[in-house]
Structures are given as C-alpha cells and as structure tokens.
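Asker: Listed here are the chains, written in short residue letters.
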Amino acid sequence: MTRILSTALTEFRIALRNRWVAIALVLMAVFSLVLSLAGSAPTGGLGIDRLSVAVASLTSLSVYLIPLLALLMSFDAIAGEAERGTLPLLLAYPIAREEILIGKLLAHLAILTLAVLLGHGIAAAVALWTDENALDGLPALARLSWSSVLLGATFLGAGYALSSLSRRPSGAAGLTIGLWLGLVVLYDLALLSAIVADNGGWFTIHAFPIALLANPADAFRLFNLTASGATAAAAGVGGAADAIPLWQSLTSVLLWPLAALAIAAAAFRKVTP
Amino acid sequence: MTSTLTISDLTKRFGDVAALAGVSLSVAPGERVALLGHNGAGKSTLMKIILGLIPMSSGKVTICDAAPGSAAARAAVAYLPENAAFHPALTGLEQTRHYLRLRGEDPGLAMGLMEKVGLGPAARRRIGTYSKGMRQRVGLAQALIGHPRLLVLDEPTSGLDPVSRREFYALLDELAAQGSSILLSSHALTEVEARTDRIVILSKGRLVAEGTLADLRRRADLPVTLHVTARNGCASDVAAQLPGAILVDGALHMTCPQSAKLETMGRIAALGPKVADLDVLPPSLEDLYAHFSQRGAP
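Protein chains in written order, with our numbering: chain V, 1 to 273; chain B, 274 to 571.
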C-alpha cells in the first residue's frame, strides 16, 4: 500500500510540475462555464430546470473531453519511462507492475476528479444562481460526475495499454490520438451511416444497441441521457437512449474501467526493459 | 558459507543469437567481483537476468535462495543501471524518498543518503538541472538503501571524476565489509584492478576467465616486460649482451616469459656497473583482458 501511495504521490507531483493539473482544471472550468451560460437559452420552452439542460450539454462535452484528457495524461506513462531509461531501475525494485499501474492511475484519476468537480461545480453554481428550480438537476449532475470519473479510468487504462505496446512516447501519442478519433468521433459516424444504409433492418434492431454498449464513450452518454430522462435534449446517436435499458448502459459504464485496466496490466507485463 | 548469487549453466538466446552461453558463476557474501568484457559481450544481459528484468533461455540463477525477479530476490538486490536516469521534474531528495518508500524504509533517511554521496547542497534541486555525474550519484544513493545483500552495478563510475571514483569505491568497500556482495562491470580496468577481489571476463557470451588478478596472471603466462637503463656510453655494450632488446627513448625494452624472469634479471645484474636502473613490468590487466577475450573468440 505504501508503494502504491508513494507512486501516486510522485506521479501527482510530476503532473503538477508538468502543468497537467492546471491544463485539466482550466479546460474543464472554461468549457463548463461556456456551456452552462450558453445552454440557458432553450430552457423556457422545455419546462425543465436549467441544471438538467446543462447536464445534457455537459454529457456531450464530457464524451469528447474526458477521454482526451485521460489519454493525454496516460500515453507517456510507460513509454516515457522506457525512453528516459527509468524503467529498468523501477522494475528492479520490490514493487509489482500492477502496483506501479495502480499508483499512476490513482494520481491521474485524482487530477481528472478535481477537474470534473471544478467544472461541474461551476455549472451548478451558474444554474442555481439563475434558476431556483435548478436543485432538481443535482442528482443528474452527481451521476454525471462519477460516471465521468469512470469514463476517465477507462481511457487512462487504454492509454497505459497503448503506452506499454508502443514503447516510445511518439508512437504512443499517435496511437492514443487514433484511439480517441476512432472511439469518440468516427465510431458514431460509422454507426449512423450504417443505420441510414440499413433503413430499419436487422442491424438497426439487433446490432446497433450492442455496438453502442461496446463503446465506453457511447455507453457513458447513453447512461447519463437515459438516467436523467434528457433524451429530448439529445441529438445524434444519443437519440437511441430510449431504446436501451438503463441497467445495460450502467453495466457497460461499470465494467469498462476494469476491463481497460486488465488490458493495461496484461500489456505492461509483456514489456521487457 | 552459502553464496549470495549462484549462476549455473546460464544461456540466453535472442532469436538465433546466443547472448550468453553456458555461464556459471557464484558470488560469496562480502565479495567484490568485476565483470569485464567488450561492448556486446553479454555483461548487461547477465545483469538484467540476475535482476529478473529479462527471462533466461536455460540454466539456473538463485539470489539468496530465491529466483530472480521474485519479491524476495528484488528485496535483496540493489541495482545501478548504466547511465542512471530519473524523472527531471523531481528533486534528488524527492526521488530518493520515493525509492526509500518502495523498499519499505523510512523516507526520512533520504537527506542522509544524499549527503553520503555528496549531493547534500543539491538535494532540493530538480534532477533536470543535474550533471551526468550528479545523476550517477543519485543512482548510487538509491543503491545504498536498506543494506542490500547483492549490488549489481552496471558501469558505476562512468561520468564520475577521479576523486568521486575513489569515494565511490570507498563506499563499496564499506558495504562489502558489512557483508554485501558486489557485482560490477567496468571499462576502467585500472580501477577494477585495485578494488575488486575477483575478475570475471566475458567474451561473446562465454565466460572465458575467472579468478583473482594473480591467478589470471599466472594462467595467462604473458611475457614480462623489462626496461633496462644503461649508464652513459654503455648502451651499445649492454644491448649486445641482451639479445632481443630494443632501444626506446634511451632505455632498452625487452620481454621474457614469466618462467625466465629471474634468470633474465640475473643476467642483467651480472652486467654490473654498466646498468643504471631496471624496471620490471608485470602484464597489465589490459594485456590479460586482451589475451583472454581473444582466446575466447571462436
């Protein structure tokens, strides 16, 4: 336990000095502020409180931003140590590889959690300031916060795995950007075009829900939109939220972090310094 | 007494290439062993196998009765990699504290370790600002943590100035006196000569020679070099009496087999007042090393 905590502390200190903490906090704060101010326009007609609308906007933001932040923090985790030449010495120490990964994860997850809490705190403050009914949206915001942290954990694990596989930071950076583009941007486009081509056939009814649940980013969006009943405010692939039961998207949100970490541990175990 | 490190018939292949072939070696508690060899002779590979960083192809390695890479072995072994590197954003003190905690020791000991390796004043500066020699000292400081049973040091004195090297070997002597075994590799043959108990020479993955310096000298049976300085005007006379001698910078240089050393010296002494001075130079470690590593080559 000391070993994990010491690793986490050291990693947090490094992230603080490399400005990653500042970058994550500022990004989340600015985007949340902009969204909660801009998202105030359509509330009148919909008849729901401002915070719930903000949560729908923040969900869409988080799907892009949280994986990006997580991958940016994690791509260097193993490849960087290998390139600097610090990995052989570290692995000669009496610390298990899983302990190293968990230590790094704790530090990076702490930074993401701080960023999420700051961003969501700002959104809540803006909503409460302008709308007294905004308290109704707090449970949805809390759900968004913890599921954002889990989404971050999934992509941190994916980043560690790619970092282990590529051995070099430049290669790892390319792979992580590819993963982000693939899962967060291109995946949805591909699904949408498949649905259009399929025109309500087998793919739309059977394969599409599974495809959504298989992608951690889509599962995260589905879970939050379904749970808050904000599907009316959602667009694109999110519109499918009604069709998939809550427990299914929740299961995906809960299982992905564990799966990603297991993959990361397996990839790290294969690294020979 | 049981040995700290035992290696028997160790072989490591990378594809078709045998990086190590049938290497056997043991290191007793408190013993200082130098590992010599060209670049690519297998020194670093041997060290990484001992540390459990890479798997072996066949053979057996035990460290204090544990398998390499096991928790018990890693707790007993300290390592100083070639060109020790650390995260540039951390200070020397923070890095050392982290290493202390990883070994389950009190992080409060960090400042004492920093002072021991001469980094006291720089301990609170980031490692990114350190020179190569200073980073090497951080590496040494972490290798001293927690009375390791075995220290594996890869080119430990590269980047250190001569005074620091002497301090470094003094620290090693102290550790060896407390029972730590030391396995180090080096290119600086002269410093190894004076500071280790035993020498192991690797060539192309094979162990070609092992023993104390005196052992190796006897076994190699390399010729002894004699430098004879003649008195003014007697040089040609002396040269005539010593067949095979050549004149270099006013002195006569000649070689003779180890077994003929005393007899040759006797002949020189018989020349009496014609000889001003005589130097006997035993084969250097460089000569021994070249002899054994060439012999080991197929």
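Accuracy of the hints is not assured; some may be wrong.
[Said to hold, decoys possible] Non-contacting residues of chain V with respect to chain B, defined by C-beta distances greater than 10 Å in every case (computed):
1) 9
2) 179
3) 187
[As the list claims (entries may be wrong)] Here are the simulated SDA-like pairs of lysine to any residue, each with C-alpha atoms no more than 25 Å apart in a straight line:
4) B/477 x B/490
5) B/333 x V/18
6) B/405 x V/270
7) V/270 x B/490
8) V/270 x B/340
9) B/477 x V/18
10) V/270 x B/328
Worth flagging that the hints you see were computed from the coordinates, not collected in a lab.
Using N, Cα and C, we set each Cβ at its ideal position, and we do this for glycine too.
Asker: Any Cβ of chain B at or closer than 10 Å to residue 187 of chain V, or is the non-interface label fine?
Answerer: holds (35 Å)
Asker: Would you check the hint for residue 477 of chain B and residue 18 of chain V, treating anything up to 25 Å between C-alpha atoms as holding?
Answerer: Not OK: residue 477 of chain B and residue 18 of chain V at ~43 Å, beyond 25 Å, violated.
Asker: Are the Cα atoms of residue 405 of chain B and residue 270 of chain V separated by 25 Å or less?
Answerer: Violated - the C-alpha atoms of residue 270 of chain V and residue 405 of chain B are around 30 Å apart, more than 25 Å.
Asker: CA of residue 270 of chain V to CA of residue 490 of chain B, is that 25 Å or under?
Answerer: Not satisfied, since the Cα-Cα distance of roughly 45 Å exceeds 25 Å.
Asker: Is residue 333 of chain B close enough to residue 18 of chain V, meaning Cα to Cα at most 25 Å?
Answerer: Violated: residue 333 of chain B and residue 18 of chain V sit about 44 Å apart, past 25 Å.
Asker: Could you let me know if the closest chain B CB is still more than 10 Å away from the CB of residue 9 of chain V?
Answerer: violated (8 Å)
Asker: Closest CB-CB distance from residue 179 of chain V to chain B, is it above 10 Å?
Answerer: holds (25 Å)
Asker: So if I understand the rule, the pair passes when the alpha-carbon distance is 25 Å or less; does residue 270 of chain V with residue 328 of chain B pass?
Answerer: holds (11 Å)
Asker: Checking one constraint from the list: CA of residue 477 of chain B to CA of residue 490 of chain B, max 25 Å. Satisfied?
Answerer: Within the cut-off at roughly 22 Å; holds.
Asker: Hinted pair, alpha-carbon criterion (25 Å max): residue 270 of chain V, residue 340 of chain B. Please report holds or violated.
Answerer: The given pair, whose Cα atoms are some 19 Å apart, holds under the 25 Å limit.
In this structure, the earlier hints numbered 1, 5, 6, 7, 9 are contradicted, and the remaining ones agree with it.
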